[in-house]
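Visitor: All residue numbers for the sequence shown refer to the UniProt record's numbering, where the first residue is 1 and numbers rise by one.
Per label pair, the in silico range of CB-to-CB distance:
#1 Ala205 x Arg16: 40 to 50 Å
#2 Pro105 x Arg35: 13 to 23 Å
#3 Asp201 x Tyr176: 24 to 34 Å
It should be emphasised that the hints constitute simulated quantities derived from the structure, not laboratory data. Virtual Cβ for every residue (Gly too), placed ideally from N, Cα, C.
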Amino acid sequence: MRQPAKNKRDPEGTRRRILDAATTEFHLGGLAGARVDGIARRASTNERMLYYYFGSKEQLFVAVLEKTYDAFVSAQSALRLDDMPPVPALTTFAQFVWDYYRSHPEVVRLINNENLHRARYLRQSRIRQCMAPVLSVLVGILEKGMRAGVFRPDIDPLRCYVSISALGYYAVSNRYTLAETIGRDFSDPEEQTLLVRQHTDMLLAYVRGDGACASA
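Please put together the full structure from these sequences, using the hints given.
Guide: This is the structure in structure tokens:
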């Protein structure tokens, strides 16, 4: 009688399952809270395979950081901002960043965790290469606006990116403490809408340099 064929090895599939499982575990518990055996169980494999493909729990954490930033960059690249005038392009770019933080709070938790490590693991990653396309898009929008005379001529793109990121990041990373300390839930959809409108006004008032607002 013919014996059934054995399942073929799928190293790429195993590696992908481990990385996906680790992404979930690290998003939930950070580096310290995630357990290797828990990652292996979630990936339907064993700890030996985790070490075989990634070397260590720390190297796996670096891979998850890169995967997380890659997903952000990939989502941003789908915006198609090249043909937009500068103001709508910048507004779309900024609101994408803010919406991404709101819809991916696990990413905020992971970044918070890495800040506790003083970016020790990001320094071991290709993070600057990951983020280069996003920053390049923002540089292009700002330069286009400055050439057209609709943006002030002295905008530093990196400082602008930090400001955009901060406007969206804080309300997500501190939503629980804000609710307790000032008594308002900024995860409420109506609050989110109003906050995005306010942040947009603040951003455009700065880049235009004339105090103009989106609602003007």
